[in-house]
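Asks: Protein sequences, first through last, are from chains A and B. Converting from the first sequence to my numbering requires adding 2 to each position, the first position being numbered 1. Converting from the second sequence to my numbering requires adding 970 to each position, the first position being numbered 1.
Think of the hints as simulated: they come from the structure by calculation, not from any bench. Yeah, the Cβ is synthetic: ideal placement off N, Cα and C, and Gly gets one too. Please note that the accuracy of each hint is not assured.
Pairwise CB distance ranges (calculated) [what the hints assert, rightly or not]:
id : chain 1 : residue 1 : chain 2 : residue 2 : range
1  : B       : A1077     : A       : I114      : 16 to 26 Å
2  : A       : Q200      : B       : R1060     : 51 to 61 Å
3  : B       : A1077     : A       : V201      : 47 to 57 Å
4  : A       : R87       : B       : G982      : 18 to 28 Å
5  : A       : W208      : B       : D1034     : 45 to 55 Å
6  : B       : R1027     : A       : K240      : 15 to 25 Å
7  : A       : Y24       : B       : R1027     : 21 to 31 Å
8  : A       : K246      : B       : E1120     : 24 to 34 Å
9  : A       : Y132      : B       : D1097     : 40 to 50 Å
10 : B       : E1120     : A       : K240      : 41 to 51 Å
11 : B       : A1037     : A       : R87       : 43 to 53 Å
12 : A       : I114      : B       : P1022     : 26 to 36 Å
Rough simulated footprint, nothing fancy, chain B against chain A, three-plus residues with beta-carbon under 8 Å [what the hints assert, rightly or not]:
id : segment
13 : 15-23
14 : 26-35
Calculated pairs, SDA-like style, for lysine to any residue (alpha carbon to alpha carbon, straight line, at most 20 Å) [claimed, not checked]:
id : chain 1 : residue 1 : chain 2 : residue 2
15 : A       : K4        : B       : L1083
16 : A       : K4        : B       : K1203
17 : A       : K4        : B       : D1034
18 : B       : K1105     : A       : G89
19 : A       : K246      : B       : R1027
20 : A       : K245      : B       : G982
21 : A       : K245      : B       : V1040
22 : A       : K4        : B       : E1063
23 : A       : K4        : B       : P1022
24 : A       : K246      : B       : D1034
25 : A       : K240      : B       : F1020
26 : A       : K245      : B       : T978
27 : A       : K246      : B       : G1026
28 : B       : K1203     : B       : R1248
29 : B       : K1105     : A       : K4
30 : A       : K245      : B       : P1022
31 : A       : K246      : B       : N1052
32 : A       : K245      : B       : A986
33 : A       : K240      : A       : F118
34 : A       : K246      : B       : K1105
35 : A       : K246      : A       : R87
36 : A       : K240      : B       : T1024
Chain residues, written in single-letter form:
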Amino acid sequence: MKGILAIMDREIRAYFFSPLAYIVAAFLLLVNGMVFWLIVSFLNNPQARFGAPLELFFGQTIYFWLVLLFVAPVLTMRLLSEERRSGTIEVLMTAPINEAQVVVGKYLAALIFYCFLWLPTLTYAGIVAYYSEVDWGPVAAGYLGVFGVGALFLSVGLFASALTRSQLVAAILTFALLIPLFTFGLLENLFNDPMLKQVFSYLNLWQHMEEFSKGIVDTRHLVYYLSVTVLFLFLSAKALEAKKWR
Amino acid sequence: MIEALNLTRRYGDFTAVDQISLTVNEGEIVGMLGPNGAGKTTTIRMITGFLPPTEGRVTVGGKDLFADAVGVRGEIGYLPENVALYPEMRVSEYLTYRAMLEGMTRAQARTRLPETIASCFIEEVEDQIIGTLSKGYRQRVGLAAAILHEPQALVLDEPTVGLDPKQIIAIRELIRELGRERTLLLSTHILPEVELLCDRVIIIDRGRIVAEGTPESLKQSWIGATMLRVELKQGPEGVAEILEQIRGVSSVEPIDGGRSRFNLECEDQSDPREAVFRAAVENGWTLLELAEERASLEDIFVRLTTRDVTETPAPATEPSTKETGEPTDEEVTP
Chain A
3 MKGILAIMDR EIRAYFFSPL AYIVAAFLLL VNGMVFWLIV SFLNNPQARF GAPLELFFGQ
63 TIYFWLVLLF VAPVLTMRLL SEERRSGTIE VLMTAPINEA QVVVGKYLAA LIFYCFLWLP
123 TLTYAGIVAY YSEVDWGPVA AGYLGVFGVG ALFLSVGLFA SALTRSQLVA AILTFALLIP
183 LFTFGLLENL FNDPMLKQVF SYLNLWQHME EFSKGIVDTR HLVYYLSVTV LFLFLSAKAL
243 EAKKWR
Chain B
971 MIEALNLTRR YGDFTAVDQI SLTVNEGEIV GMLGPNGAGK TTTIRMITGF LPPTEGRVTV
1031 GGKDLFADAV GVRGEIGYLP ENVALYPEMR VSEYLTYRAM LEGMTRAQAR TRLPETIASC
1091 FIEEVEDQII GTLSKGYRQR VGLAAAILHE PQALVLDEPT VGLDPKQIIA IRELIRELGR
1151 ERTLLLSTHI LPEVELLCDR VIIIDRGRIV AEGTPESLKQ SWIGATMLRV ELKQGPEGVA
1211 EILEQIRGVS SVEPIDGGRS RFNLECEDQS DPREAVFRAA VENGWTLLEL AEERASLEDI
1271 FVRLTTRDVT ETPAPATEPS TKETGEPTDE EVTP
């Protein structure tokens, strides 16, 4: 446990010391701010449909997904591949901790930093609350969705980082894994067979976020995120172990 | 304390380490000596659990590496060959991190920190960012990190590489100090270091142990390599031939191809100095120098690890000598 905390602690510090993290944070806020502004001005139009701005904000625009697909690889690409490239992995793998603890420590650091990145978006809710009314339930559910999808994406990124010593390859690989993961659900519309339709609907992240943003917390979605996350963390630990044998 | 049995590591068809067995007893300093690429680092990596052996077993402090890898890792303080550190961290921060990885609390690490930092002579860079440190400082930070949590066994891969002569002396002093109460396995290719520090030496070449023993016993068993250095005031033609006929001299090697200075290789347990003197008197040579050169660890090392020579049976020794070559003509100084 101490080992996990030590790794997590070091990794969070490393985020704050790297310029990349600030670029990501700025990018995320810039895009989110723009999206929020667009939504608000769109809803301000008297001819627009009736809706809550934060409901649209969570996952109903393509920007939300583009940002996530960009942020996850950037946050995770360094985590394990850099250890391998610089050789610090040797210290890590000869300390009295196992591969799983290394993976969990690194993952928690990425997850915490990810949550930190979203923190400033709470001001949007504050702004809306100042001028109008906010239904906090759906907002909380929206953040839960952001957390769940983020947790899933970051675990995929960590796995890619465990596979290679190049950060660039790790980032590209993460992207390549996330694209199908994200678009699988969209295939739902291509099938008429009710069985297949249901399967793909279960995987449809866009649909999931839509429900979360409306305040519907479907535990099936959460189970899906959790199980895929655990799977990728397990694979990361195994990849780390396997690398020793080369 | 550290026990390795028949360690073997293969990379495809290439065998980097071949059936190496070694034991480091409690409180002993054992030095692993070998030319570059001999398999020292691979052996050390297998002992520390970084690299799984293709064959063989490792036990440290009674714990088996296969059954209890984390336990074994906890027993060892390890300085890897390429001291890799996190460039963005400060020295004290990094050391605290390493101590916590080893299971210490932050408070425990804080109390141990000043002493360790002082013993590795890194006080002046304590708050510096690692990325800005010179090679010598990084080496010492790595060493500090290896000993901070007071492990029972220390494994140091080339601990004095990249240090200046003054620091080397200081670090050797520290290693000797550590060796008093701890078990120490270190690798090096610097010969005097081994003679100065180690209770026992293991010479490795091409992935095999070619000789093993205390520095003294190694010299003892290779005493056959006694050399005489003879200098004459410009001897006449045929000096070499006369010298060669002296009893106990097995070969004569003119230095610089001239007729004034010679290296004589002597047969086992013989001392032909007197005969050389008489030969000089009889032939009317002026003898300027006649000196015996005992085999140093260096000669033994060169002899054992010289490659491009035909294989001959090893001289009579008790160490586990598997194969060896004739000594080369040139003076090789690593």
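Asks: Determine which of the earlier numbered hints do not hold for this structure and return their numbers in increasing order.
Replies: 7, 10, 11, 14, 16, 17, 23, 29, 33, 34
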